[in-house]
Amino acid sequence: MVVAEVRVELKKGVADPEGKNTLKALELLGFEGIKNVKSVKVFEIEMDGSSKDVGKKVDDMCRKLIANPVIHDYSVTLK
Amino acid sequence: MKISQVKVCVLRIEGTNCEEEMFLSFKRLGAKPEKVHLKQLTGTDVTPEEKRSLSDYHILALPGGFSAGDYVRAGAIFAARMKSRLSEDLVDFVKSGKPVLGICNGFQILVELGLLPAMSGVMSDVPEAVLGTNDSARFECRPTLLKKVNRGSCVFTTKIPVDKISMIPSAHAEGKLMFSMENQTKILKELEDNDQIVFKYVDPEGSIAGYPWCPNGATDNIAGICNREGTVFGMMPHPERVFFRYSHPDWTRNPDGPGDGRAFFESALEYASKKL
Numbered sequence: 001m002v003v004a005e006v007r008v009e010l011k012k013g014v015a016d017p018e019g020k021n022t023l024k025a026l027e028l029l030g031f032e033g034i035k036n037v038k039s040v041k042v043f044e045i046e047m048d049g050s051s052k053d054v055g056k057k058v059d060d061m062c063r064k065l066i067a068n069p070v071i072h073d074y075s076v077t078l079k
Numbered sequence: 001m002k003i004s005q006v007k008v009c010v011l012r013i014e015g016t017n018c019e020e021e022m023f024l025s026f027k028r029l030g031a032k033p034e035k036v037h038l039k040q041l042t043g044t045d046v047t048p049e050e051k052r053s054l055s056d057y058h059i060l061a062l063p064g065g066f067s068a069g070d071y072v073r074a075g076a077i078f079a080a081r082m083k084s085r086l087s088e089d090l091v092d093f094v095k096s097g098k099p100v101l102g103i104c105n106g107f108q109i110l111v112e113l114g115l116l117p118a119m120s121g122v123m124s125d126v127p128e129a130v131l132g133t134n135d136s137a138r139f140e141c142r143p144t145l146l147k148k149v150n151r152g153s154c155v156f157t158t159k160i161p162v163d164k165i166s167m168i169p170s171a172h173a174e175g176k177l178m179f180s181m182e183n184q185t186k187i188l189k190e191l192e193d194n195d196q197i198v199f200k201y202v203d204p205e206g207s208i209a210g211y212p213w214c215p216n217g218a219t220d221n222i223a224g225i226c227n228r229e230g231t232v233f234g235m236m237p238h239p240e241r242v243f244f245r246y247s248h249p250d251w252t253r254n255p256d257g258p259g260d261g262r263a264f265f266e267s268a269l270e271y272a273s274k275k276l
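Chains X and A, in that order, give the protein sequences. Counting from 1, one number per residue, gives the positions in the first sequence under this note's numbering. Counting from 1, one number per residue, gives the positions in the second sequence under this note's numbering.
Among the clues, some could well be false.
[What the hints assert, rightly or not] Negatives, chain X to chain A, calculated, CB over 12 Å:
hint, residue
1, Leu10
2, Leu28
3, Leu29
4, Phe31
5, Glu46
6, Met47
7, Lys56
8, Arg63
9, Ile66
10, Val76
[What the hints assert, rightly or not] Only some residues are given here: those of chain A computed to face chain X with a beta carbon under 7 Å:
hint, residue
11, Gly121
12, Met123
13, Pro127
14, Gly132
15, Ser180
16, Glu229
To be clear, the hints were calculated from the coordinates, so they are not data collected in a lab. From a predicted model like this one, the values you see are computed outputs, not experimental measurements. Glycine included, each C-beta is placed from N, C-alpha and C at the ideal position.
Please model the complete structure; the sequences and the hints are all you need to start from.
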């Protein structure tokens with residue numbers, strides 16, 4: 001079995017209100033020295049098949065559902 | 001066709017929660033709406049009596065809510081389910097000139113489906129826009145003022161004069177309409193040229209204004225867009241919530257006339273009864 005870890009993040013330049021709000025809340029809690037907080041979504045997809053095959057299928061999944069190309073970059077790591 | 005013969009499919013899945021108001025808005029005007037579960041159209045897990053076909057309806061309405069729990073992205077799961085089984089039916093529906101309405105979560109679904117903005121063709125393979133998290137990172141629930149900027153293409157707003165400011169309430173966390181950064185200028189120009197921009201968030205004077213007049217930080221304050229033909233229309237605010245005047249926050253001071261949302265449904269039904 002192959003486990004594909006899909007990391008979906010906002011493209012550079014796209015506003016990340018969730019990250020910004022988390023940063024603000026952490027600072028309010030007294031944490032100092034935070035440079036930036038970025039929200040990232042991770043999916044783990046377990047599949048049977050060869051790494052090559054799974055990688056290709058997961059890439060298609062990202063295009064069709066998991067990421068929106070308008071604002072997202074995604075990367076797939078096979079484990 | 002008489003308005004009483006216009007059949008409206010109010011489509012829902014788990015998590016849809018504005019179907020009742022949507023259904024009633026069409027029913028109160030004398031049309032024949034029906035609340036239909038997606039499975040009734042795809043024919044899965046339903047009895048033969050429950051099965052429906054999209055082509056039997058004249059208008060498709062996607063109501064607001066939190067379909068499939070807003071998992072992955074708001075509207076993405078509903079869109080994926082429709083795309084997997086109903087792609088051809090949807091394309092045929094739009095090609096035959098039948099109107100499609102998406103309110104709030106319904107708008108998010110139309111964008112994820114690629115039925116809006118549909119820059120080239122009827123339905124794009126991958127989304128060409130997105131409704132992202134509001135700039136405030138909060139659920140924004142408030143009356144919003146919308147100025148109609150559409151010059152006449154949109155069949156859902158023909159009864160609303162250009163430049164009229166309507167009060168239509170917003171209630172969403174992901175309503176920030178965005179296009180790809182590289183092509184944004186080009187897309188906005190095309191939308192403008194094709195008369196696809198329908199509403200913009202404005203202040204009481206009718207000027208483009210920031211938060212809180214624009215609840216989400218949408219590109220160019222755009223609240224609603226349509227396809228090039230004007231038959232597929234989506235917007236974040238909820239016209240079905242202001243069908244009656246008494247739903248307006250200032251109704252005791254301005255009690256006369258219908259609610260600002262009624263004209264959307266009247267426009268669509270007039271189009272369907274005259275053109276279909």
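Distance rule for leucine 10 of chain X, whose beta carbon must clear each one in chain A by more than 12 Å: Leucine 10 of chain X not clear of chain A: closest Cβ-Cβ about 8 Å, inside 12 Å.
At a threshold of 7 Å, is the proposed contact between serine 180 of chain A and chain X supported by beta-carbon distances? holds, 5 Å
Do the numbers back the hint for proline 127 of chain A, that is, is its least Cβ distance to chain X under 7 Å? holds, 5 Å
Taking the minimum C-beta separation from valine 76 of chain X to chain A, is that value above 12 Å? holds, 16 Å
A closest beta-carbon separation below 7 Å is what the hint needs, so does glycine 121 of chain A meet it against chain X? violated, 17 Å
Against chain A, does lysine 56 of chain X keep a CB gap of more than 12 Å to every residue? holds, 17 Å
Once the shortest beta carbon distance from glycine 132 of chain A to chain X is found, is it less than 7 Å? At about 6 Å, which falls below the 7 Å cut-off, the nearest Cβ of chain X leaves the hint on glycine 132 of chain A intact, so it holds.
Claimed clearance of chain A by leucine 28 of chain X, with the beta carbon kept past 12 Å: holds, 14 Å
Is the nearest Cβ of chain A still more than 12 Å from the Cβ of leucine 29 of chain X? holds, 17 Å
For arginine 63 of chain X, which was marked as not at the interface, is the minimum beta-carbon distance to chain A over 12 Å? violated, 6 Å
Residue hint glutamate 229 of chain A, partner chain X, criterion CB-CB below 7 Å: Because about 22 Å separates glutamate 229 of chain A from the closest Cβ in chain X, which is outside the 7 Å limit, the hint is violated.
Holds or violated: is the Cβ of methionine 47 of chain X farther than 12 Å from all Cβ atoms of chain A? holds, 18 Å
Comparing the model with each numbered hint stated earlier shows that hints 1, 8, 9, 11, 12 and 16 do not hold.
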